[in-house]
Amino acid sequence: DAKTTQPPSMDCAEGRAANLPCNHSTISGNEYVYWYRQIHSQGPQYIIHGLKNNETNEMASLIITEDRKSSTLILPHATLRDTAVYYCIVRVLTGNQFYFGTGTSLTVIP
Amino acid sequence: GAVVSQHPSWVICKSGTSVKIECRSLDFQATTMFWYRQFPKQSLMLMATSNEGSKATYEQGVEKDKFLINHASLTLSTLTVTSAHPEDSSFYICSASGGADTQYFGPGTRLTVL
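Residue numbers (our numbering), protein chains in the order written: chain A, 1 to 110; chain B, 1 to 114.
These are computed hints drawn from the structure, not numbers from a lab.
Where is the CB? At the ideal position from N, CA and C, for every residue including glycine.
Check each hint, because a few of them may be wrong.
Okay, the calculated beta carbon distance ranges per label pair [as the list claims (entries may be wrong)]:
id	chain 1	residue 1	chain 2	residue 2	range
1	A	45	B	29	19 to 25 Å
2	B	73	A	30	46 to 52 Å
3	A	11	B	73	27 to 33 Å
4	B	41	A	54	29 to 35 Å
5	A	65	B	5	35 to 41 Å
6	A	110	B	13	19 to 25 Å
Modelling step: build the complete structure from the supplied sequences, incorporating the hints.
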């Protein structure tokens, strides 16, 4: 079962930062937080992942709270091509299975 | 890097026939591959986990005799939907992991059973 909760949908103006929240209050100490996105009728695309520290790559930044019970994915300058469903996933320790929650449907508005 | 392909990208078949879907890791060796199913407007549901050279592990509620998984090499896994019925129509997605934490997903296969 998914261990994360996300808002079902969000809008963001093109060129502005998109901040996507995720709650994972039952996360265990060694479990990573992953973010993927899925554009309609395609396979999910890896964005970023982290354990405790904030992470940044060419696509996004991941901010994890100190208690690790929530995180925020930040797309610094959203474009129309960032319109997708964004999934926050906690990797289960017993294997490397991913259990997807319902995700957040992000719409970037011109 | 980390490219995963699937073949075919879409398939239409008659009820009662079997359909095979291939998943390949093109530029890395995948010690573990995963198969997911996604119905319209729903999230991905993990069906099974397969490790190269061993039997797949199926999630609860997934019929192992209906969804046959073979992971014969470090770059290829196949999913065969046996005796397909209209309710098996779905988007099937595979992912591959090279032993590190991250999974890389294929583009998906759209199965329509008439």
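So, going through the hints one by one against the coordinates:
1. A:45 / B:29: 19 to 25 Å: holds, 21 Å
2. B:73 / A:30: 46 to 52 Å: violated, 31 Å
3. A:11 / B:73: 27 to 33 Å: violated, 45 Å
4. B:41 / A:54: 29 to 35 Å: The hinted range 29 to 35 Å holds for residue 41 of chain B and residue 54 of chain A, with Cβ atoms some 33 Å apart.
5. A:65 / B:5: 35 to 41 Å: holds, 37 Å
6. A:110 / B:13: 19 to 25 Å: violated, 41 Å
Going down the numbered hints, you'll see the structure goes against 2, 3, 6, while the others check out.
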